[in-house]
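*Asks:* Chains A and B, in that order, give the protein sequences.
For the record, in the first sequence the residue sitting at position 93 is 97 according to the numbering used here, with numbers rising by one throughout.
For the record, in the second sequence the residue sitting at position 30 is 36 according to the numbering used here, with numbers rising by one throughout.
Treat the hints as calculated values from the structure; they're not laboratory data.
Bear in mind the structure is a predicted one, so any value in this text is a computation, not a measurement.
Heads up, a few of these hints could be off.
[Unchecked claim] Under the rule of at most 25 Å between Cα atoms (straight-line distance), these lysine to any residue pairs were calculated in the SDA-like manner:
#1 B/351 <-> B/262
#2 A/112 <-> B/18
#3 A/106 <-> B/73
#4 B/120 <-> A/204
#5 B/120 <-> A/282
#6 A/112 <-> B/59
#7 A/106 <-> B/262
#8 B/340 <-> B/270
#9 A/106 <-> B/120
#10 A/106 <-> B/168
#11 A/112 <-> A/123
#12 A/213 <-> B/73
#13 B/30 <-> B/93
#14 A/106 <-> B/17
#15 B/120 <-> A/123
#16 A/106 <-> B/93
#17 A/282 <-> B/18
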Amino acid sequence: MPGGVAQGGRLARGKGRTGSTSEPVVVKVLLTLIALGFLGLFLVVPLAAVFHQAFEKGWQAYLAAIQEPTAMAAIRLTLLTALISVPLNLVFGLAASWAIAKFNFMGKNLLLTLIDLPFAVSPVISGMVFVLLFGRQGLLGPWMQAHDFKIIFAVPGIVLATLFVTFPFVAREMIPLMQAQGTEEEQAAVVLGASGWQMFRRVTLPNVKWGLLYGVILCNARAMGEFGAVSVVSGHIRGLTNTLPLHVEIMYNEYEFAGAFAVASLLTLLALVTLVLKSLVEWFSARGMDHAKPAA
Amino acid sequence: MSIEVKNIRKRFGRFDALNGVDLKVETGELVALLGPSGSGKTTLLRIIAGLEEADTGDVLFHGEDVARRSARDRQVGFVFQHYALFRHMSVLENVAFGLRVRPRRLRPSNAVIKERSLELLNLVQLEGLADRRPSQLSGGQRQRVALARALAVEPRVLLLDEPFGALDAKVRQELRRWLRRLQDELQITTLFVTHDQEEALEVADRVVVMNGGRIEQDGTPDEVYEHPATPFVYNFLGSVNLFHGRVHAGEAQLGPLSVTAPEHARADNAPAIGYVRPHDLDVQRSPNGTTVEVLVRHVSAIGPVVRLELERKDDGAAIEAELTRERFRELAVKAGDSVHVKPKKLKVFVNDDYSI
């Protein structure tokens, strides 16, 4: 069939088509370049800039900036905040997703909405809420003064604000996961004689461990890096109520750029470590998924 | 151990799943709960297991009321339709689970647990697969692991929810026969749910046919097949041909057929339907007594039987007849022939509000 052959020839000679279902090479290259360019401009360049500026005055200056007492205090405070918020949110997230995924109760939808609330609210407003509640002119202000509790402009306030903004991370990771897994395994465990705790420990938890880890990693990253909400409640008292992000701001505002970037590089390292851990979890979880996939 | 349920009612929102169900399963019996989707059979099974709670009614194990007891304390073995194996545990650990979660004083040692689990795997013919994960097994193998797991805790009662529903036909057949033999050996009171009437009739000691939250008939496979109590049972357990007519004082007139129906001795010219199974229709070349004349529309040879699709000459209604190959060869019918059918066995039901 001469016509067919000619048509085939024309198609084969088309602009670098590798097959009938993929784009021409030109398009592929263009799209890749755009993506890389975007990535480079908004991600790689700023990261490189941080490290470049941090080491501008040399290695000694870098170490000095980090070991400076107020910087160390900021590091300690950041670690403390994360150490408190992350476990608490882990427990809460686990409990909430367990309740939502495995049971039906009144107010379930309300709970779901409330869990998502911190995502919808601006971090600055989140901080303000606590000031309005516990600040001196706040709702519970007089009560707090009477009992000599300091929340605003003190460490408890920082922890509370961080707790609030990192609230949803674990829960949002776990809820769809648990819902997808259903309740049949738990039912089987119950009929076989397992108590509630045994069922949770032996059946539910192992099935969600990767989702849980993922949620914790995200929660931690946010807890350590939160700026807006913490800034409002902290009072910026040097050496006492400054977390790492706040300390960076202070140094920058005092024109100590090298120092600011030195401390900022710590946060950047944290971000990179988080990314690596995230990828590892995804990789392990994908391997685990092969176990979970049903045989054809 | 026997199971008895009395007047069980269960409602989900506005849907009445169970409408007053009474059932007794004797020790060592293998009973099938048969019915279409929505008939309430799975709900009943789950209520017996303790996974659901009935709105009213009693559940008794060997005469003892267990309604207060949670699923955990009822000592039943439950096999789910989709196996519900613990996906992150090995096959051996799955089977051992029930023993591992026992309270400390009742828990056997690790060595004993392992030994018993391996024994059970032998019983279900899965020795050698102890270290596999559920995802690495075929459907039939998974179902057997689920069964071994349920048996590990030495339950007094075994409950199976459409155990072979998710498997292909050949595996289903093999497994159902295997289950029958296993149950004969273990003599454990077993109740299983199915919508496959062939399965129920082949495996069970007794078949309980359910529809719309009620029990339509409770009897041996022979009883429910040969002497169905209601049109629903007749229709559900196999194909059926209908002959419409009227019944008066014990005599039914269904088209050209006259049949005695002593069970309707008090009927007063009531509309009635005669039910005949395809294999109970005698197909003849020439009229022999009162017969119905039909036209052969289609002949299908299906395995050991030959199915004839027929059309009545008087009213055009469709009739289905089933012949053995031998008889078919004797008759030598083909599409387009005119033949006569005569029911060998017919059941008359007075036309209530039941409609097919």
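*Asks:* If a hint holds in the structure, say so; if it does not, say that too.
*Replies:* Against the structure, the hints come out as follows:
1. B/351 <-> B/262: Cα-Cα ~16 Å, so holds.
2. A/112 <-> B/18: Satisfied, since the Cα-Cα distance of roughly 19 Å is no more than 25 Å.
3. A/106 <-> B/73: Holds. Residue 106 of chain A to residue 73 of chain B sits at ~23 Å (cutoff 25 Å).
4. B/120 <-> A/204: Holds, because 23 Å separates the two Cα atoms, which is no more than 25 Å.
5. B/120 <-> A/282: This hinted pair is violated, its Cα atoms lying about 37 Å apart.
6. A/112 <-> B/59: holds, 22 Å
7. A/106 <-> B/262: Given pair residue 106 of chain A, residue 262 of chain B is violated - Cα atoms ~61 Å apart, limit 25 Å.
8. B/340 <-> B/270: With Cα atoms ~39 Å apart, residue 340 of chain B and residue 270 of chain B exceed 25 Å; violated.
9. A/106 <-> B/120: Given pair residue 106 of chain A, residue 120 of chain B is violated - Cα atoms ~31 Å apart, limit 25 Å.
10. A/106 <-> B/168: Answer holds: residue 106 of chain A to residue 168 of chain B is near 23 Å, not above 25 Å.
11. A/112 <-> A/123: holds, 18 Å
12. A/213 <-> B/73: Violated, at roughly 36 Å.
13. B/30 <-> B/93: violated, 35 Å
14. A/106 <-> B/17: With a Cα-Cα distance of about 21 Å, the restraint between residue 106 of chain A and residue 17 of chain B holds, given a limit of 25 Å.
15. B/120 <-> A/123: Distance ~49 Å between residue 120 of chain B and residue 123 of chain A Cα, so the pair is violated.
16. A/106 <-> B/93: holds, 18 Å
17. A/282 <-> B/18: Given pair residue 282 of chain A, residue 18 of chain B is violated - Cα atoms ~43 Å apart, limit 25 Å.
Checked against the numbered hints given earlier, this structure breaks hints 5, 7, 8, 9, 12, 13, 15 and 17; the rest are met.
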